[in-house]
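Start from the sequences, fold in the hints, and give me the full structure.
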Amino acid sequence: MLGPDTAAYLIVAAFLFTTGALGVLIRRNPLIVLLSLEIMLNGANLALIAFSRHFANGDGQIFALAVMAVAASEVVVGLGLIVAMARKNLALDVDKFSSLRG
Amino acid sequence: MIVASAGNVLVWAVWVAAAFACLGSGVAVISFSNPFYSALALIGNLGSLAVLYLLLSAEFVAAAQVLVYAGAVMVMFLFVIAYLGGKADTPWTGQLPAQTIAAIVASAALLVEIVIVIAGQADGHLSKAAEITDAFGSPSQIGQLFLTDQLLAFELISVVLLVAAVGGVILGSHSREQSPVETDDARA
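Chains H and D are the protein sequences, given in the same order. Each residue of the first sequence is one higher than the last, beginning at 1 in the working numbering. Each residue of the second sequence is one higher than the last, beginning at 1 in the working numbering.
For the record, the hints were derived by calculation from the structure and aren't laboratory data. Incorrect hints may appear among the rest.
Among chain D residues calculated to face chain H with C-beta under 7 Å, some are [to be verified]:
1) V29
2) L56
3) A122
4) L161
Per the computed footprint, the stretches of chain H lying under chain D, defined by three or more beta-carbons under 8 Å from a beta-carbon of chain D, are [said to hold, decoys possible]:
5) 7–16
6) 19–27
7) 40–53
Virtual Cβ for every residue (Gly too), placed ideally from N, Cα, C.
Here it is as structure tokens:
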């Protein structure tokens, strides 16, 4: 395998995942929370594909494609929720959503 | 031998550029106050990840990443941000709330744990990658796997996408909010 070892890809994946986790924890705009969630999913995807290459087994790439489909679904539902909240004139701040009253 | 090492240097250079672009744009996503810039930074992040996928001989996943993620998903994000006006967060007040400090400590601890585990295996299980053929990661191989070994996963993905589409339509439709009479009908 040319270039760096699998471990180097995994370190990048770990940095991406923790960057996304930090974004989810500290940001209050739900749009940016969703974007940070995408970073976390992509960190996991990078680890899956690095292991797929390491063991020369295509199943990891199938798993990564499944994660991409789940991420697309999550974006559809998440953005639908955010638009529904904006239509009710709620402030787009996750700290202010503390109750589930309709 | 010289050709092989020149190729190695090239792959290293591309890897370093893609990895730093990926990490830098990831940090940019969570640090911009305007969600519009965050979404643009995430497109850069996804593009540099596609380069890393190509280095790992995952051609089909790299193409799907650019088409599905950087294309379709991010366009949807940008439309919603444009629709909502892309209001920036409240500006920096100069002091860190306790929640932010706790979040930074928690994610730093997570990072240290993962890096220690990976570094512990770097000379062991993770040192020698298996040999692959040219067909590895090609669309034909992915399609073969999807229609044989992973057929159940393939079908389940279609169900997940269908449910998400139905959920998106239900969340997006606002016929129930148009008049109070209809709201009562919907509740009855």
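Supplied contact hint for D/V29, tested at 7 Å Cβ to chain H: holds, 5 Å
Hint check, D/L161 versus chain H [nearest Cβ-Cβ separation less than 7 Å]: holds, 6 Å
Taking a Cβ-Cβ distance under 8 Å as contact, does the stretch 19–27 of chain H have three or more residues in contact with chain D? This one holds; 8 residues, not fewer than the three required, reach chain D with a Cβ under 8 Å.
Under a C-beta cut-off of less than 8 Å, do 3 or more residues of the stretch 7–16 of chain H approach chain D closely enough to confirm the stated coverage? Holds, because 9 residues of the stretch 7–16 of chain H bring their Cβ atoms closer than 8 Å to Cβ atoms of chain D.
Quick check on D/L56 please, does its C-beta sit within 7 Å of some C-beta on chain H? holds, 4 Å
Cβ contact check, 8 Å cutoff: the stretch 40–53 of chain H against chain D, three residues minimum: holds (count 7)
Quick one, is the D/A122 hint okay against chain H at 7 Å, beta carbons? Status holds, d = 4 Å.
The earlier numbered hints are all upheld by this structure, with none contradicted.
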